[in-house]
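S.K.: Chains as they are written, first to last, in this note's numbering: chain V, 1 to 111; chain S, 1 to 113.
FYI, nobody ran anything at the bench for these hints, they're computed from the structure. These numbers come from a predicted model, not from an experiment. Incorrect hints may have been included.
[Unchecked claim] Below, a list of computed lysine to aspartate or glutamate pairs in the DMTMM-like style, where the Cα atoms sit at most 20 angstroms apart:
#1 V:56 with V:78
#2 V:98 with S:1
#3 V:42 with V:83
#4 S:57 with V:94
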Amino acid sequence: QKEVEQDPGPLSVPEGAIVSLNCTYSNSAFQYFMWYRQYSRKGPELLMYTYSSGNKEDGRFTAQVDKSSKYISLFIRDSQPSDSATYLCAMSEDAGNKLTFGGGTRVLVKP
Amino acid sequence: DSGVTQTPKHLITATGQRVTLRCSPRSGDLSVYWYQQSLDQGLQFLIQYYNGEERAKGNILERFSAQQFPDLHSELNLSSLELGDSALYFCASTPDTLNYGYTFGSGTRLTVV
Chain V
1 QKEVEQDPGP
11 LSVPEGAIVS
21 LNCTYSNSAF
31 QYFMWYRQYS
41 RKGPELLMYT
51 YSSGNKEDGR
61 FTAQVDKSSK
71 YISLFIRDSQ
81 PSDSATYLCA
91 MSEDAGNKLT
101 FGGGTRVLVK
111 P
Chain S
1 DSGVTQTPKH
11 LITATGQRVT
21 LRCSPRSGDL
31 SVYWYQQSLD
41 QGLQFLIQYY
51 NGEERAKGNI
61 LERFSAQQFP
71 DLHSELNLSS
81 LELGDSALYF
91 CASTPDTLNY
101 GYTFGSGTRL
111 TVV
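The whole structure should be built from the sequences, with the hints applied where relevant.
M.R.: What follows is the structure, given as structure tokens:
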């Protein structure tokens with residue numbers, strides 16, 4: 001079993017809908033949680049960075065962490081076709097550690 | 001352009017061969033990380049260098065080695081290549097040893113035939 005599980009998708013939504021993504025993990029020592037977006041033929045780029053449990057909002061993006069359930073989520077409001085990409089969750093035990101990535105969820109936002 | 005430069009973009013080579021992948025980190029960044037991305041394994045951490053010194057090692061095979069040079073660019077050497085080594089290899093950099101905000105390069109796609 002992988003340390004970080006993520007549904008590969010694809011997740012197809014109409015433009016303007018809310019995109020809901022999530023990851024589950026098994027390592028209770030993880031404290032730092034990130035979401036990356038990866039377009040085809042490009043490297044991942046950081047979207048959100050959170051520490052421990054709670055919510056964080058940045059524009060159309062909201063990240064949630066529930067450490068008690070070992071579950072993290074990313075919500076994208078008012079989705080646009082340009083949001084079509086693969087979304088990867090990543091996490092680490094402390095700020096100086098390597099990141100452990102989920103396998104990514106492919107998202108398609110249809111006009 | 002993220003500021004992290006990886007060369008070459010594509011590489012096709014035969015089994016048993018040796019290749020070198022190169023990464024120039026973003027200006028001012030001291031840490032370089034190497035990751036392997038394959039369809040079945042996702043992004044797997046290989047190794048991290050900080051200011052020329054190896055800092056952390058992940059699931060890196062003995063056939064693979066890396067180094068970071070005084071000008072901070074890094075090279076990943078893959079030898080005795082096997083078909084299963086075909087993957088995207090990413091380099092990322094950060095200003096220091098903290099993992100906040102990796103900046104990734106566009107990757108090198110390695111195909112072993």
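S.K.: Each of the hints needs a verdict: does it hold here or not?
M.R.: Quick rundown of the hints versus the structure:
no., hint, result
1, V:56 with V:78, "holds (17 angstroms)"
2, V:98 with S:1, "violated (24 angstroms)"
3, V:42 with V:83, "holds (14 angstroms)"
4, S:57 with V:94, "holds (16 angstroms)"
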